[in-house]
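Those protein sequences? They're chains A and B, same order as listed. With the numbering used here, the residue at position 106 of the first sequence is 106, and numbering never jumps. With the numbering used here, the residue at position 221 of the second sequence is 221, and numbering never jumps.
Since the hints were derived computationally from the structure, they do not count as laboratory data. Incorrect hints may have been included.
[As the list claims (entries may be wrong)] Restricting the straight-line Cα-Cα distance to at most 25 Å, the calculated cross-link-like pairs of lysine to any residue (SDA-like) are:
1) Lys93(A) x Leu53(B)
2) Lys72(A) x Arg222(B)
3) Lys95(A) x Ile71(B)
4) Lys77(A) x Leu53(B)
5) Lys110(A) x Leu53(B)
6) Lys119(A) x Leu53(B)
7) Lys95(A) x Arg222(B)
8) Lys95(A) x Val50(B)
9) Lys72(A) x Ala141(B)
10) Lys93(A) x Val50(B)
11) Lys93(A) x Leu47(B)
12) Lys95(A) x Asp124(B)
13) Lys184(A) x His135(A)
14) Lys68(A) x Val50(B)
15) Lys95(A) x Arg221(B)
16) Lys113(A) x Val69(B)
17) Lys81(A) x Arg144(B)
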Amino acid sequence: MIQLQNIRKSYGSHEVLKGIDLTVNKGDVVVILGPSGSGKTTLLRCVNFLERPSDGQVTISGFTVDCKQPGKQNVLKLRRKTAMVFQHYNLFKHKTALENVMEGLVVAQKLPKEEAKQKSLDVLEKVGLSDKIHHYPSQLSGGQQQRVGIARALALSPEVILFDEPTSALDPELVGEVLAVIKKIAREGVTMIVVTHEMGFAREVANHIVFMDGGVIVEEGPPDEIFSNPKEERTKQFVRRITPEWSYVI
Amino acid sequence: MGKAFDPALIFEFLPKLLAYLPVTLFILVAALFFGLWLALLIALPRLYKVPVLSQLAAIYVSFIRGTPVLIQLFLVFYGLPAFLQLFHLDVSRANPLFFVIATYSLSSAAFFSETIRAAVNSVDRGQIEAAYAAGLTGRQAFVRIVLPQAGMIAFPNFANSVIGFLKDTSLAFSIGVMDMMGRGQTLISATAHALEVYIGLAIIYYLVVIVLEKGFVRAERRLQRHERKWASA
């Protein structure tokens, strides 16, 4: 279980997150929606301390880090319970697909090389890239790179995978293959928090939607409720504006 | 004035000069070895913005870049023994080669530290974030992800500097080191055929640079194999 309590983040005098509370249960697929600048990506990056929150607490499966004085070792321990998929993939440029997936297993988790390799080959097969394991990122399409990114996260067997707009840097025709992979692993019960603009995907895969605006959670609930029957005026506006053009079936 | 120009002498001098090529190369390799480690030490406080140390490093780099290497050579040659005297160490009779290597290490370190700093800073921030997200420590991320990529970025610049330093070593004779240039000076004193000696030296330096350049091109291609669009089968 992941629990965020009173997460705050300020840049100078500008407060980006104004005290966020969020609970994610094991196996949940939580999608965070909201207009740009609403703080959703910042919130996601606070979970693994790529952004250090100014205040609050992050708890992942019983391990709590106090954001006021996190401490290097605690942050490392917390990060090792998570994995992240980035908007721009951020694959290690000088490593092949296989080496990218193995890196965290060998270096952070200290698995023996052979075991790490086997595990990496398994997840690469799961994302459909068994034939590309010796390719460098520059030799892969955007969609393939992002699938390696997902494999890299999945291989770590984290408590939660954080997806930061995983499809927004992709060519439109490559979005489908990446969403299909995310959907597949969601169905296997992997806990995830996803920041995305893909409304169709959110509606179909999420079991909990969080709508953020202006650094606060405006409304949260099951997808049907948020999309069909939002309570807050701000959510209604957002859903009305964004649903028609984005509601395609994956 | 020298004697009449005699091209045949060039070929007579070449092997005599070549016999001292190893000394020149030794100075270069030793200075590069120490210089690179020192460069990393100078670059780190500036990269991590360590107070005081980073300012000191900046002053050091600025001083080295702002003074001719010939003067640095004399500063070390006369200054280092005086400095070590304070600690009751007498190095005034040490082999001049030692001072030469010390100077070129100190000097190349300043240039390399700038190259390293620029290269490390130009590694995409996302690479470090990905390393952290995968559970790597700061040091692991730096050594395993940032440094290799910085190395590739810095390599062409580094290669250029090496060629520059090779040529700079020709100043070592001025504090009495018997390298190729030093040997050339003795040949000139003995025969008064200065032009032939300098032509011979030019040929040798030029050939060594060509060999180095070829090697660097190969190394660069190998280092940047991950940038190639097609995987080799």
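Structure-based check of each hint:
1. Lys93(A) x Leu53(B): It is violated: about 32 Å lies between the C-alpha atoms, which goes past 25 Å.
2. Lys72(A) x Arg222(B): The given pair, whose Cα atoms are some 37 Å apart, is violated under the 25 Å limit.
3. Lys95(A) x Ile71(B): With a Cα-Cα distance of about 45 Å, the restraint between lysine 95(A) and isoleucine 71(B) is violated, given a limit of 25 Å.
4. Lys77(A) x Leu53(B): Violated - the C-alpha atoms of leucine 53(B) and lysine 77(A) are around 31 Å apart, more than 25 Å.
5. Lys110(A) x Leu53(B): violated, 35 Å
6. Lys119(A) x Leu53(B): The given pair, whose Cα atoms are some 44 Å apart, is violated under the 25 Å limit.
7. Lys95(A) x Arg222(B): OK: lysine 95(A) and arginine 222(B) at ~14 Å, within 25 Å.
8. Lys95(A) x Val50(B): violated, 31 Å
9. Lys72(A) x Ala141(B): holds, 14 Å
10. Lys93(A) x Val50(B): violated, 29 Å
11. Lys93(A) x Leu47(B): At roughly 21 Å apart (the allowed maximum being 25 Å), leucine 47(B) and lysine 93(A) satisfy the hint.
12. Lys95(A) x Asp124(B): Since the Cα atoms of lysine 95(A) and aspartate 124(B) sit roughly 15 Å apart, the hinted pair holds (cutoff 25 Å).
13. Lys184(A) x His135(A): With Cα atoms ~24 Å apart, lysine 184(A) and histidine 135(A) stay inside 25 Å; holds.
14. Lys68(A) x Val50(B): Given pair lysine 68(A), valine 50(B) holds - Cα atoms ~23 Å apart, limit 25 Å.
15. Lys95(A) x Arg221(B): Roughly 16 Å between the alpha carbons, so the hint for lysine 95(A) and arginine 221(B) holds.
16. Lys113(A) x Val69(B): violated, 49 Å
17. Lys81(A) x Arg144(B): holds, 21 Å
In summary, the structure is inconsistent with hints 1, 2, 3, 4, 5, 6, 8, 10 and 16 from the numbered list given earlier, while agreeing with the others.
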